[in-house]
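Undergrad: Fit chain B to the given chain A structure using the hints.
Protein chains in written order, with numbering that gives the first Met the number 0: chain A, 0 to 308; chain B, 0 to 263.
Calculated directly from the structure, the hints in this document are not laboratory data. Any given hint might turn out to be false.
What the hints assert, rightly or not - Calculated cross-link-like contacts (lysine-lysine; reagent style BS3-like; alpha-carbon spacing at most 25 Å):
1) LYS89/A - LYS182/B
2) LYS134/A - LYS89/A
3) LYS121/A - LYS26/B
4) LYS121/A - LYS134/A
5) LYS26/B - LYS89/A
6) LYS182/B - LYS121/A
Said to hold, decoys possible - So the derived list for chain B, only partly shown, Cβ under 8 Å to chain A, looks like this:
7) GLY19
8) ALA20
9) ARG34
10) VAL48
11) ILE104
12) ARG107
13) ASN257
14) THR259
This structure is a prediction, so every number in the text was calculated from the model and none was measured. Using N, Cα and C, we set each Cβ at its ideal position, and we do this for glycine too.
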Amino acid sequence: MAIIEANGVRKAYAGRPVVDGVSFAVEEGEIFGILGPNGAGKTTTVECVAGLRIPDAGTVRVAGLDPVAGRERVTRLLGTQLQESELQPKITVREALDLYSAFYPEPADWRPLAERLGLHTKLDTRFHRLSGGQKQRLSIALALVGRPRVVILDELTTGLDPRARRDTWQLIEDVRDGGVTVVLVTHFMEEAQRLCDRIAVIDRGRVVALDTPAGLVAGADGSTVISFTPSEPLPDAELAGLPGAVSYETEGGRVVINGTDETVNAVISLLARRGVTAHRLRVAEATLDDAFLDLTGPADGRGTTERAA
Amino acid sequence: MATAHTTPATTTTPRTAVPGATRAVLKAETRLFLREPGSLFWIVVFPTVLLVVLGLVPSFREHDDGLGGRRVIDLYVPVAVLLALIMSGLQAMPPVLTGYRERGILRRMSTTPVRPAALLGAQIALHGAAALVSALLVVTVGRTAYGVRLPEQPFGYLLALLLAVACVLALGALICSVSRTTKISAAVGSVVYFAMMFTAGVWVPVQAMPDGLRRVVQATPFGAASQALDQAARGDWPGWSHLGAVAAWAAVAGWAANRTFRWQ
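The following block holds chain A by itself, in its conformation from the complex:
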């Protein structure tokens, strides 16, 4: 059963649609990524899930409950880490953890959680004296302290150094292994690829793709990148006619083709047919980065590579 269901959610600010008919379902126990460029509507979408905003149209259900009408019950099972939301400047880390523990019927023991997040040496430090990364880690701790069934983490590793980021990823995986469903809003590809079971790619207020990270990569145009330096130039007509090729470019004698497995075979037979030797031939899988750029597309319609016919 889906623990979060969003159905045709719309939200406009001053007449401008920010979320424009978003639908998705998050299954219990998965790490569900919401990926998209800045301003795509990711945060507004999760704010609707958390009950902080009321959608103009569409419905949101968390464990079958409306997050606004069923606030009492939803807030008990949903932990949220928000962007740009602070605590009282002079509250200490310990006091904040104690306070938020008191909000929930069966809170977690925050001490191991604080230790896990590297906050145990900062317990008596006031919030306004914490670094950006420490504030972020405290925010994650507060989202988890109520033993939620679902946790929403919005840009969770923003402001963390690479080491802390990796530690946090490990923590999120452990949280999931403990049976908690995780909704992860991010624009870090590496984070999404490493953590997410499934990803909804949101662009301009719409879900443009929803798949596993591998599925997104495989489904993208030009998911295989073939590059080589031919011993003599190949005619453009031959390159443009390769089956499955999405784009190609030639630079300094090196040819780079974005295509599919089919393209790889076609390139090999082309080379053989023309008796051309390929130096430094590389065949690489496109990354989630490529898939993301492909799916979200440039807003101004300008491509970065020459498109094949």
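TA: Showing chain B alone in chain A's frame:
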């Protein structure tokens, strides 16, 4: 941010899901309140210091026939009491409440089983309590240092004082409601604060004002409160017109603050 579309955190009574959660909020906010030495000085210490300084002027301790045989210092005890209320409700409180909204602290709490109203309620209660402590200090010091008689109609005095506290807290909440940012609320607060200090009689005690001016001033929240406190101090039951004026201001400001408050 299109505030018109944000979730109204409703005006129903905050029902806390977990027993003790409201107490935990109050405990945490009390600690934080005590960590603001600046606010504590202006609310709790300053009004009494002002009274002590005024009392050092020898002529203010002499009976004045123009004041019905009373001394200037006698008139300044209720003024200092009202000053304590104004410092707390109009000077200290609005930036705190606005800051809680501006920094997303209320928003953060909206995602927990505790409603953010608990946080605002705790701060309002603490500022009211601090104002009362300060008022008590003023009356005590007035009595011990300058022999100012304790209110001869204590119940009337207490009633007028509680109404005035409710009124100042409602006005402070209204400032927070109409101010988008902490800076605006500090600026609006300052303007209102000077106006209220004048009407409370900080420069010229209301009872020493010319008749025409006094008639206008006693329609304002603190002009009315000043008259009510003065009557109770002298042993009369405070006039219902004065008590009614303070209560009406409190009700209108409280209603308007509640209507216009934005949670995000």
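Undergrad: Please name the hints from earlier in the document that this structure breaks, with their numbers sorted from lowest to highest.
TA: Failing hints, ascending: 6, 10, 13 and 14.
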